[in-house]
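Chains as they are written, first to last, in my numbering: chain B, 1 to 188; chain C, 1001 to 1170.
Simulated from the structure, these hints should not be mistaken for laboratory data.
All clues stand as given, with none of them false.
Derived pair list, reagent style DSSO-like, types lysine-lysine, alpha-carbon separation capped at 27 Å:
{"id": "1", "chain 1": "B", "residue 1": "K18", "chain 2": "C", "residue 2": "K1092"}
{"id": "2", "chain 1": "C", "residue 1": "K1014", "chain 2": "B", "residue 2": "K118"}
{"id": "3", "chain 1": "C", "residue 1": "K1050", "chain 2": "C", "residue 2": "K1094"}
{"id": "4", "chain 1": "C", "residue 1": "K1050", "chain 2": "C", "residue 2": "K1092"}
{"id": "5", "chain 1": "B", "residue 1": "K20", "chain 2": "B", "residue 2": "K118"}
{"id": "6", "chain 1": "C", "residue 1": "K1084", "chain 2": "C", "residue 2": "K1094"}
{"id": "7", "chain 1": "C", "residue 1": "K1124", "chain 2": "C", "residue 2": "K1092"}
{"id": "8", "chain 1": "C", "residue 1": "K1050", "chain 2": "C", "residue 2": "K1014"}
{"id": "9", "chain 1": "C", "residue 1": "K1124", "chain 2": "C", "residue 2": "K1014"}
{"id": "10", "chain 1": "B", "residue 1": "K18", "chain 2": "B", "residue 2": "K118"}
{"id": "11", "chain 1": "B", "residue 1": "K18", "chain 2": "C", "residue 2": "K1050"}
{"id": "12", "chain 1": "B", "residue 1": "K18", "chain 2": "C", "residue 2": "K1094"}
{"id": "13", "chain 1": "C", "residue 1": "K1014", "chain 2": "B", "residue 2": "K18"}
{"id": "14", "chain 1": "B", "residue 1": "K20", "chain 2": "C", "residue 2": "K1014"}
{"id": "15", "chain 1": "B", "residue 1": "K20", "chain 2": "C", "residue 2": "K1050"}
{"id": "16", "chain 1": "B", "residue 1": "K118", "chain 2": "C", "residue 2": "K1050"}
{"id": "17", "chain 1": "C", "residue 1": "K1124", "chain 2": "C", "residue 2": "K1094"}
{"id": "18", "chain 1": "C", "residue 1": "K1050", "chain 2": "C", "residue 2": "K1124"}
{"id": "19", "chain 1": "C", "residue 1": "K1094", "chain 2": "C", "residue 2": "K1014"}
{"id": "20", "chain 1": "C", "residue 1": "K1014", "chain 2": "C", "residue 2": "K1092"}
{"id": "21", "chain 1": "C", "residue 1": "K1124", "chain 2": "C", "residue 2": "K1084"}
In this text the structure is predicted, and so the values were computed from the model without any measurement.
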Amino acid sequence: MEESQAPVMAEGGGEDKKMKVLVAVEETEGSLYALSWALDNLFTSASDVPDKTESLGRLVLIHAQQPLQHFMHPVGPCMTDPHHPVYATSSVIDSVRRAQEQNSRNLLERATQVCRSKLVEAEMVIVDGDPKEMICQFAEQMQADLLVVGSRGLSKIRRAILGSVSDYCAHHATCPVLIVKPPKGNHP
Amino acid sequence: MATEAEAAASVVGKSVMVVGIDDSEHSFYALQWTLLHFFSPAAGSSSPFKLVVVSAKPTPTSVIGLAGPGAADVLPFVESDLRKISLRVIEKAKEICTSHSVADVEFEVVEGDARNVLCEAVEKHHAEILVVGSHGYGAIKRTVLGSVSDYCAHHAHCTVMIVKKPKPKH
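Can you build the whole structure from these sequences, using the hints too?
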């Protein structure tokens, strides 16, 4: 159901609540917590519906894989001879790629488990590239109503050095962004 | 029946949602968006959230900057002006809530810097989620986060939702 983003809110029937929610899934605990938080608070319904997403919108999980170059480290003879480039053999590239894919699959499996345990059907997307950019791009492409990201609760300096996906998304996403913090240990 | 509802609310612990508003179109948009997506009447008899709308009223001293001997005279005028503005903001918020048929709302006006007011409100109400609009000061950058929403995103102890008013598409 396409809702036009007009500044004036249109009053409507039950269709209004349908939201397209994009949840960014990463290999951090904060990310999976963000997912379960979103499921608990965004996909609740008064009645017991077997598939909650049917009545409440679309849930899409997105996982961004870092580009492979990051995993290549020069080792061996090139250390002594700077003019001798090191190329990773194709078998090394393959196995790294496979490991990465396995990793992503496992992660999304866990995420699906979490969704299923809360009776929510989710779609899954894997993209290659810089996570923050890909997530924002995808949110725009699918015209998401809400983007959910976890947060590691880093300090300002660490955020600047390590880079923060949630920070980037908060600034650059065109849709509303929900930043879920890890629990501080005190539950209401 | 009343006690049952009360007990239910306190036992289930209806999560509190704090929405920060000020005298800007962006924050009213954020309030409307929130009401539309989280408090739709179609969601059943009740929404899982209890809504608390908080408006931060800047202190007169912060506005004037306490400069010069004449400041003391201007103070009462600035104070009444600010009070009028914050009342107007709350009135508009009330209108928006009623137009979305949301009755169970608390309204608060707290004096102080918006950043602190909102984070403290989160603590006070043990809020599950804080909703803020985003000003996007920059005409230069396509999307720039306002300083209040940025502060809250990093310092509030709960989930923060930043609602942006979409730019008109050409």
